[in-house]
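Trainee: Could you build all of it, start to finish, from the sequences and the hints given here?
Here is how the chains run, residue by residue.
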Amino acid sequence: MLAYLIRRLFAAAVMLVVIILVVFGIFFLVPKWAGVDIATSFVGKQADPAAVEAVRVKLGLNDPIYAQVWEFFKGIFAGRTYAAGGDVTHCAAPCFGYSFRTEQAIWPVLTDRFPVTLGLALGAAVLWLIFGVAAGVLSALKRGSLWDRGAMVIALSGVSLPIYFTGMIALSVFAFSLKWFDAEYVPLSENFGSWFGGMILPWITLAFLYAAMYARITRATMLEILGEDYIRTARAKGLREQTVIGKHAMRSTMTPILTMLGMDLGALIGGAVLTESTFNLPGLGREVLTAIKTQDLPIILGVVLITSLAVLIANLVVDILYAVIDPRVRLA
Amino acid sequence: MTELSKSGAAVGGPTTASPSTAFLEVRDLKVHFPTDDGLVKSVDGLSFKLEKGKTLGIVGESGSGKSVTSLGIMGLHTAGQYGKRKAQISGEIWLDGTELLSADPDHVRKLRGRHMAMIFQDPLSALHPYYTIGQQIVEAYRIHHNVDKKTARRRAVEMLDRVGIPQPDKRVDSYPHEFSGGMRQRAMIAMSLVNNPELLIADEPTTALDVTVQAQILDLIRDLQKEFGSAVVIITHDLGVVAELADDILVMYGGRCVERGPAEKVFYEPRHPYTWGLLGSMPRLDREQQERLIPVKGSPPSLINVPSGCAFNPRCPYADVPKDNATRTVRPELTEVGSRHWAACHMSQEQRERIWTEEIAPKL
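Taken in order, these protein sequences are the chains called X and L. Going by UniProt numbering, the first sequence opens with residue 1, and the numbers climb by one from there. Going by UniProt numbering, the second sequence opens with residue 1, and the numbers climb by one from there.
Calculated from the structure, these hints are not laboratory results. Just so you know, not all the hints are guaranteed correct.
To be verified - Here are the simulated DSS-like pairs of lysine-lysine, each with C-alpha atoms no more than 30 Å apart in a straight line:
(1) L:110 with L:49
(2) L:110 with L:150
(3) L:150 with X:247
(4) X:32 with X:58
(5) X:58 with X:45
(6) L:86 with L:110
(7) L:54 with L:30
(8) X:58 with X:74
(9) L:49 with L:86
(10) L:86 with X:142
(11) L:265 with L:49
(12) L:226 with L:149
(13) X:32 with X:293
(14) L:149 with X:247
(15) L:54 with L:226
(16) X:293 with X:45
(17) X:247 with L:110
(18) L:30 with X:142
(19) L:297 with L:30
(20) X:247 with L:86
(21) L:52 with L:265
(22) L:110 with X:142
(23) X:247 with L:170
Unchecked claim - Non-contacting residues of chain L with respect to chain X, defined by C-beta distances greater than 10 Å in every case (computed):
(24) 35
(25) 147
(26) 148
(27) 309
(28) 329
(29) 338
Quick reminder that beta carbons are idealized off the backbone N, C-alpha and C, glycines included.
Mentor: Structure, rendered in structure tokens:
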């Protein structure tokens, strides 16, 4: 188990380095090859060529590629210094550079937005796990019943209806007409109750989509597991049916759910763009959306890196949990 | 066993026939499965008796209803059938004075694992991959015995030792995938026997194993039976296996019994063409010279549209021997052809005796 853990951690570290390199390549080198000048996009199209050149020097865009990669890499782990003549800016680690539009350092922006998205994703995950898995198990056990058909129709609609549709309906009904919930986001650090109240609708909206997917996968997996020989063995031992289902079948059903959870959580932590935009939550997703509209490369880059990191960590956690659940994985 | 009989009486026996005096008695068992294509009559009227300490071998090809019968005795057709169309089971299954089909399902559940246990065909898929062998045996023991985990674990180690697993105190913490095929089957047997069941059903216990391990497992089952005095039902398509173990043999074809009797009778004086076919297709090492094996031509009958008359008639080389065409119109019933020996065939006793001694036996 320890060897497995060390292998996984090592693989994750290597993956992280690769991700940083690839992301750097996409954002700094590809535009260069495509003939788009990053310095111009920073300064503005009608700018003085001298100012563009100054920016180019300051961002190190004239340096050889390996030097640029190294500076970028160093910046993340040790900080870096931008210098152009007498104009010197020190950017402390972890340095992702400065926004082209607001000239703010990227890292504080990310750490400011990140908790919003994390809270949204985790809260929704709790909801969809509880309701999705429960609905899936019940549907499997009552296959073909009215409950099963009803739940699967709702699940299908949950999967097919986009967030901006269900979100809008939720907002107009529960926030604006009934006034049950606030549509205002309050940071967790200010007031827990207000934060919670403001998050309920986003949670439910996001969880509805995912609960639907999880219900379907849980139902399918559970049905498959119920046909397994070892379930029959469990019954042949004289176990109560609730033990057969709750212990023997559930443990096997967990594995695919866990795999999905890892990927979904990772992806969501990188920004639930639609949910955040619909509910006006100041999270990573909304931030990156604005950044894309204004071509604010460093912000996009920062969010992409954070997303990759989140997916990486989520997968690492899933891999470890997987090994805890399934002893056969420890060998692999 | 008084406890078992008493609680059995409490939940009420059948209303029609008299209670059975045999340890295990199956009367006119029918297991039918409704499907979209029609009613699958997997078992269609099967009866037999088995006493403690005896072994019954049920033989037949795939789809003849062997496994369905065993799962029926264990009550596993009705347990946990979620939303599927339920199996239709009728007849009577008497275990030590209790009729199981009419008994309370929870009562039957308590008998499962405790008084009747089952060894499954493929131990790799029949053991839960996520739990250690020890955990699974301990679980089987603790459902029926109110003991702490330590005691149950000691019992598990003792059972693993008993079935011949080396270093049982270490291997008890292994997972099924860490065992070899033969070891897994031993572990499976240890799990089935952990509660000293009076009835042990072994459903093709050696099919997934190689030949040397097969012999070991069969020896093990025989030894354990002697030790515990259990009744054993061994289900197989391998006549060699029943030759080793069985006191009585029941030959199934198309969900019905076609021949039943003491093992030596069925082997040396078989009175049904299907049994002849099985014997002819069995490789034997105890004969000097053997020509080709003689297969039973054709394929097993559809269990939805069972051939009219004798189910075996489309494949039977002697279907035209009875002159009255009865083979194709009338279903033959089991008739006594010797002491405790029954067969279901339209040919007369003399015809069958002559065909066996003149045509079949010399070729075997």
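Trainee: Would you pick out the hints that fail for this structure and give their numbers low to high?
Mentor: No numbers; nothing is violated.
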